[in-house]
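Let the hints inform the model, and build the full structure from the sequences given.
Just so you know, the protein sequences line up as chains A and R, in that order. When we follow my numbering, the leftmost residue of the first sequence carries the number 1, and every step to the right adds one. When we follow my numbering, the leftmost residue of the second sequence carries the number 1, and every step to the right adds one.
Don't take each hint at face value.
Claimed, not checked - Covered stretches of chain A (chain R as the covering partner; in silico rule of three or more C-beta atoms under 8 angstroms from a C-beta of chain R):
1. 21-27
2. 102-113
Claimed, not checked - In silico negatives: residues of chain R with every beta carbon more than 10 angstroms from chain A:
3. P8
4. G57
5. E67
6. Y69
7. T80
8. T91
Just so you know, the hints here were simulated from the structure itself, not pulled from any lab data. Cβ coordinates follow ideal geometry from the N, Cα and C atoms, glycine included.
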Amino acid sequence: DTGVSQDPRHKITKRGQNVTFRCDPISEHNRLYWYRQTLGQGPEFLTYFQNEAQLEKSRLLSDRFSAERPKGSFSTLEIQRTEQGDSAMYLCASSGQRGEKLFFGSGTQLSVL
Amino acid sequence: GIQVEQSPPDLILQEGANSTLRCNFSDSVNNLQWFHQNPWGQLINLFYIPSGTKQNGRLSATTVATERYSLLYISSSQTTDSGVYFCAANTGGFKTIFGAGTRLFVKA
Numbered sequence: 001d002t003g004v005s006q007d008p009r010h011k012i013t014k015r016g017q018n019v020t021f022r023c024d025p026i027s028e029h030n031r032l033y034w035y036r037q038t039l040g041q042g043p044e045f046l047t048y049f050q051n052e053a054q055l056e057k058s059r060l061l062s063d064r065f066s067a068e069r070p071k072g073s074f075s076t077l078e079i080q081r082t083e084q085g086d087s088a089m090y091l092c093a094s095s096g097q098r099g100e101k102l103f104f105g106s107g108t109q110l111s112v113l
Numbered sequence: 001g002i003q004v005e006q007s008p009p010d011l012i013l014q015e016g017a018n019s020t021l022r023c024n025f026s027d028s029v030n031n032l033q034w035f036h037q038n039p040w041g042q043l044i045n046l047f048y049i050p051s052g053t054k055q056n057g058r059l060s061a062t063t064v065a066t067e068r069y070s071l072l073y074i075s076s077s078q079t080t081d082s083g084v085y086f087c088a089a090n091t092g093g094f095k096t097i098f099g100a101g102t103r104l105f106v107k108a
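Below, the structure is given as structure tokens:
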């Protein structure tokens with residue numbers, strides 16, 4: 001068990017470009033979450049997967065954001081036409097069958113120039 | 001939705017001192033978790049504590065669910081305890097809601 005893995009660790013992009021982040025949850029966990037954290041704030045919920053099904057999306061997730069979890073394993077979060085306001089740390093977490101204790105990855109720090 | 005408030009927002013301690021961090025929540029919770037975010041951004045789960053008291057080394061946590069608050073105690077603080085402490089509450093759905101955090105700095 002290597003924990004939750006996220007890639008890349010850092011991403012710098014120009015406004016208007018598309019970016020994609022990857023999350024590999026703990027292998028036996030069927031629940032996967034994406035959060036966003038801006039400087040000085042706590043993490044904010046973005047979306048939730050149970051196996052491959054996306055069961056909840058926050059209003060924070062605009063039409064430019066899309067998340068997938070094919071085959072209920074790893075997940076990707078794509079941001080299209082990035083804006084400077086998208087600059088943040090994007091965190092992935094997973095939990096086990098009972099959906100209790102959350103385990104977080106190291107996050108992807110996105111900077112949009 | 002549920003509101004999660006943490007106090008104090010900032011805390012500076014001398015190494016060896018004890019401290020208490022507080023988390024108030026506005027609704028009944030299904031679970032309550034405490035996390036430590038280190039200076040590199042990694043969130044570490046310290047406690048899963050919907051009610052009662054738990055201890056882990058120099059850290060302990062108590063949640064009084066009927067009064068809608070939780071406390072995190074840090075004893076004999078060390079410089080490595082520095083970082084941000086978050087509490088996070090879940091009311092039974094898919095979302096876990098985080099407070100704004102308590103930023104702790106422990107001086108050597």
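- prompt: Beyond 10 angstroms from chain A, beta-carbon-wise, is R/T80?
  reply: holds (18 angstroms)
task: Count the residues of the region 21-27 of chain A whose CB lies closer than 8 angstroms to any CB of chain R, then report whether that count reaches three.
output: violated (count 0)
query: Does the no-contact call for R/Y69 survive, Cβ to all of chain A over 10 angstroms?
result: Since the minimum Cβ distance to chain A is about 17 angstroms, R/Y69 lies beyond 10 angstroms and the statement holds.
query: Per the stated criterion, does the least C-beta distance between R/T91 and chain A lie above 10 angstroms, as a non-interface residue requires?
result: holds (12 angstroms)
- prompt: Should the label of R/P8 as a non-interface residue stand, given a Cβ cut-off of 10 angstroms to chain A?
  reply: holds (15 angstroms)
message: Verify this label for me: R/G57 is non-interface relative to chain A, using a Cβ-Cβ cutoff of 10 angstroms.
response: holds (18 angstroms)
query: Does the no-contact call for R/E67 survive, Cβ to all of chain A over 10 angstroms?
result: At roughly 22 angstroms from the nearest Cβ of chain A, R/E67 sits farther out than 10 angstroms, so the non-interface label holds.
message: Please check whether the region 102-113 of chain A has three or more residues whose CB lies within less than 8 angstroms of a CB on chain R.
response: holds (count 6)
Of the numbered hints listed earlier, the single one contradicted by the structure is hint 1.
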